[in-house]
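Residue numbers (this note's numbering), protein chains in the order written: chain A, 1 to 306; chain B, 307 to 612.
No lab work stands behind these hints: they were computed from the structure. Here the structure is a predicted model, which is why all the values come from computation and not from measurement. Mixed in with the good hints there might be a few duds.
[Unchecked claim] In the SDA-like style, the derived pairs of lysine to any residue whose C-alpha atoms are separated by at most 25 Å in a straight line are: (1) B:K457 / A:S174; (2) B:K431 / B:S417; (3) B:K431 / A:F26; (4) B:K457 / B:P479; (5) A:K125 / B:K345; (6) A:K87 / B:K602; (7) B:K431 / A:L31; (8) A:K125 / B:R340; (9) B:K393 / B:T435; (10) A:K125 / B:K581; (11) B:K552 / B:E606; (12) B:K534 / A:G110; (13) A:K25 / B:P334; (14) A:K296 / A:Y92; (15) B:K431 / A:E88; (16) B:K457 / A:F26; (17) A:K151 / B:L330; (18) A:K246 / A:G206; (19) A:K39 / B:K431; (20) A:K151 / A:E88; (21) B:K581 / A:G127; (22) A:K125 / B:E606; (23) A:K151 / B:K331; (24) A:K25 / B:N464; (25) A:K25 / B:D461; (26) B:K331 / B:S417; (27) A:K125 / B:L330; (28) B:K393 / B:D486; (29) B:K345 / A:T129; (30) B:K431 / B:S480; (31) A:K8 / A:N158; (32) B:K602 / B:I342; (33) B:K581 / A:E88; (34) B:K503 / A:P187; (35) B:K318 / B:G416; (36) A:K125 / B:L337; (37) B:K331 / B:D582.
[Stated by the list, open to error] So the derived list for chain B, only partly shown, Cβ under 8 Å to chain A, looks like this: (38) I342; (39) A358; (40) L370.
Don't be surprised by glycine CBs; every beta carbon is placed ideally from N, CA and C.
There are 2 protein chains.
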Amino acid sequence: MISKLIDKITEKNAPIVVGLDPNLKFVPEYLKQRAIEEKGETLEAAADAILAFNKAIVDATYDLIPAVKPQIAMYEQFGIPGLQAYKETVDYCHEKGLIVIGDVKRGDIGSTSESYAIAHLGEIKVGETSCRPFDEDFATVNPYLGTDGVKPFVDVCNRCDRGIFVLVKTSNPSSGEFQDRLMDGRPLYEHVADKVKEWGEGSMDGSYSNVGAVVGATYPEQGEIARKLMPHTYILVPGYGAQGGKAEDLKAFFNKDGLGAIVNSSRGIIAAYTKDPYKDKYDEKHFADASREAVKDMIEDINGAL
Amino acid sequence: MISKLIDKITEKNAPIVVGLDPNLKFVPEYLKQRAIEEKGETLEAAADAILAFNKAIVDATYDLIPAVKPQIAMYEQFGIPGLQAYKETVDYCHEKGLIVIGDVKRGDIGSTSESYAIAHLGEIKVGETSCRPFDEDFATVNPYLGTDGVKPFVDVCNRCDRGIFVLVKTSNPSSGEFQDRLMDGRPLYEHVADKVKEWGEGSMDGSYSNVGAVVGATYPEQGEIARKLMPHTYILVPGYGAQGGKAEDLKAFFNKDGLGAIVNSSRGIIAAYTKDPYKDKYDEKHFADASREAVKDMIEDINGAL
Numbered sequence: 001m002i003s004k005l006i007d008k009i010t011e012k013n014a015p016i017v018v019g020l021d022p023n024l025k026f027v028p029e030y031l032k033q034r035a036i037e038e039k040g041e042t043l044e045a046a047a048d049a050i051l052a053f054n055k056a057i058v059d060a061t062y063d064l065i066p067a068v069k070p071q072i073a074m075y076e077q078f079g080i081p082g083l084q085a086y087k088e089t090v091d092y093c094h095e096k097g098l099i100v101i102g103d104v105k106r107g108d109i110g111s112t113s114e115s116y117a118i119a120h121l122g123e124i125k126v127g128e129t130s131c132r133p134f135d136e137d138f139a140t141v142n143p144y145l146g147t148d149g150v151k152p153f154v155d156v157c158n159r160c161d162r163g164i165f166v167l168v169k170t171s172n173p174s175s176g177e178f179q180d181r182l183m184d185g186r187p188l189y190e191h192v193a194d195k196v197k198e199w200g201e202g203s204m205d206g207s208y209s210n211v212g213a214v215v216g217a218t219y220p221e222q223g224e225i226a227r228k229l230m231p232h233t234y235i236l237v238p239g240y241g242a243q244g245g246k247a248e249d250l251k252a253f254f255n256k257d258g259l260g261a262i263v264n265s266s267r268g269i270i271a272a273y274t275k276d277p278y279k280d281k282y283d284e285k286h287f288a289d290a291s292r293e294a295v296k297d298m299i300e301d302i303n304g305a306l
Numbered sequence: 307m308i309s310k311l312i313d314k315i316t317e318k319n320a321p322i323v324v325g326l327d328p329n330l331k332f333v334p335e336y337l338k339q340r341a342i343e344e345k346g347e348t349l350e351a352a353a354d355a356i357l358a359f360n361k362a363i364v365d366a367t368y369d370l371i372p373a374v375k376p377q378i379a380m381y382e383q384f385g386i387p388g389l390q391a392y393k394e395t396v397d398y399c400h401e402k403g404l405i406v407i408g409d410v411k412r413g414d415i416g417s418t419s420e421s422y423a424i425a426h427l428g429e430i431k432v433g434e435t436s437c438r439p440f441d442e443d444f445a446t447v448n449p450y451l452g453t454d455g456v457k458p459f460v461d462v463c464n465r466c467d468r469g470i471f472v473l474v475k476t477s478n479p480s481s482g483e484f485q486d487r488l489m490d491g492r493p494l495y496e497h498v499a500d501k502v503k504e505w506g507e508g509s510m511d512g513s514y515s516n517v518g519a520v521v522g523a524t525y526p527e528q529g530e531i532a533r534k535l536m537p538h539t540y541i542l543v544p545g546y547g548a549q550g551g552k553a554e555d556l557k558a559f560f561n562k563d564g565l566g567a568i569v570n571s572s573r574g575i576i577a578a579y580t581k582d583p584y585k586d587k588y589d590e591k592h593f594a595d596a597s598r599e600a601v602k603d604m605i606e607d608i609n610g611a612l
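Chain A extracted, bound-state conformation:
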């Protein structure tokens, strides 16, 4: 699966992923009102509004980008209707030829992790029929429970040609609280990076492994170290833009082949119409056009710095 992602990145010349995190406050009023008129003030209405929002952004950007990363929490907060919108978003993005990275950050003990892996990347038999529950291409995984929590994801990746990105060093301000604490003279995240490398050794797909890592753009020094510790690991890099990560800091996350990292922006793209320099040019009816311009600017910004 990582080779498919790399092909798309190369084809579009865009090492970026658009985070489809449709917080209701980013969704234009007219979309919300239309949904509420149809479905009342219900979770179903919220779900309809975010799905319409997503589809417009995908329609306006899919030719420019290799992949999207829906953040499932933003859908789960609208209960079952929200998760239905998540699933429809995944399917819609697949129809448009996009790779879908499910940002689900799941992780549990062995048998339970297997169920999460099946839910997002695998298939399950009901009687004699195989069903694909959510059917993303990649999922993000939390490593706190150790190898037997991650291994079932790797097994499903190997069986179904899917991939994962394991949290190594997250982009948030307090990520260092545990992740930077020293163990035998090295921070926890470096030990996790060692494990990610090891977990991915049996999952090579071309020059890179289907087992990737997450390292935040907000921590370029740690990105450089992570890059060296895991030479064949693709790095998903959140935190560019709204969270403060800058293009010049991203170089550290890439290999000399120009590959090895894919940079996410969520709010910076999907809420572009509410932010400088787009908000004066686009009203809320043209939010998707603002997203398209923001994608072009992001690609130029990152390719310029690399």
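Since chain A is already given, all that's left is putting chain B on it; use the hints.
Structure of chain B alone, referenced to chain A:
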């Protein structure tokens, strides 16, 4: 919310929680066949089968127990229909007067954790109407991202009188890989325990905090240490029974007041009809009766050891 759980534990004289983790292989054939006849070999059929299975177990045990702990991965693996069955299980257990601990192990950066907290413990406004997406009473939370990943859960707990259990030392064989590594001479899980204590200080509800911890029954020595580090923290203890945790090991998790811990069993209860000493006495049509007897035995076993 923790005071409500303690009241129920005291009323039933049962510091236990039944894990509703309906892996399809535990569900009797006749329930699966019935569902497949109605819905075909679909995720909907699987969801119908696990919901019928859960309801029968709840009907047979609700008068004996204070709480249930559905493991959401077991539902998520059946996609949207599975999550619908999860939600209906939560609602059904509430109708029966049970406290519901959603074993969701969510955790993300701040704004995203807030969405997970809203999804499971809080409410969200659509227009002027407040909606409760999943509406569990407690949720489990992963601490790897640090304070700003956990704080939004604590805030929602304080606002909506709900609770969380934060993973400290998990029950699985490889939990020590990161959790037992020494940082400044103390294992990571002890540092997490310190933080759990701190995170819960503003959430006291009687003698205990609404911010609890998860420590596996399979690690009684670590349980004793965790108990001392977090005197006002309720400990959710998985790993009893099928995973190897024994009643005599559980003493370490409790305080002198006889409170402070609640012990989970999943497979040992819900799949009792497939296991010794119940399988010779109960056929699959009477699986729920086997669960009832297993609950009684578990309560006797644990109360005997305390």
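Quiz item: Is the straight-line distance between the alpha-carbon of K431 of chain B and that of S480 of chain B 25 Å or less?
Solution: 41 Å, violated
Practice problem: Sort out whether S417 of chain B lies within 25 Å of K331 of chain B, counting only the CA atoms. | Solution: 38 Å, violated
Quiz item: Keeping to a limit of 25 Å between CA atoms, is the pair of K246 of chain A and G206 of chain A held or broken?
Solution: 29 Å, violated
Quiz item: Regarding the pair K125 of chain A and K581 of chain B, is the alpha-carbon distance no greater than 25 Å?
Solution: Holds: K125 of chain A and K581 of chain B sit about 24 Å apart, inside 25 Å.
Quiz item: Should the interface hint for L370 of chain B be scored as holding, given a Cβ-Cβ cut-off of 8 Å against chain A?
Solution: Violated. Min distance 25 Å.
Exercise. Would you check the hint for K345 of chain B and T129 of chain A, treating anything up to 25 Å between C-alpha atoms as holding?
Key: 13 Å, holds
Practice problem: Would you mind confirming whether the straight-line C-alpha gap from K393 of chain B to T435 of chain B stays at or under 25 Å? | Solution: Roughly 20 Å separates the two Cα atoms, so the pair holds.
Quiz item: Does the alpha-carbon distance linking K457 of chain B and P479 of chain B stay inside the 25 Å limit?
Solution: Violated, at roughly 29 Å.
Quiz item: Holds or violated: are the alpha carbons of K581 of chain B and E88 of chain A at most 25 Å from each other?
Solution: Not satisfied, since the Cα-Cα distance of roughly 41 Å exceeds 25 Å.
Quiz item: Does P334 of chain B lie within 25 Å of K25 of chain A when you go C-alpha to C-alpha?
Solution: 46 Å, violated
Self-check item: Distance restraint between K431 of chain B and L31 of chain A, which requires alpha-carbon spacing of 25 Å or less
Solution: 16 Å, holds
Quiz prompt | Pair hint K151 of chain A and L330 of chain B, alpha-carbon separation not exceeding 25 Å | solution = 21 Å, holds
Comparing the model with each earlier hint shows violations of hints 4, 6, 12, 13, 18, 20, 22, 26, 28, 30, 32, 33, 35, 39, 40; every other hint is respected.
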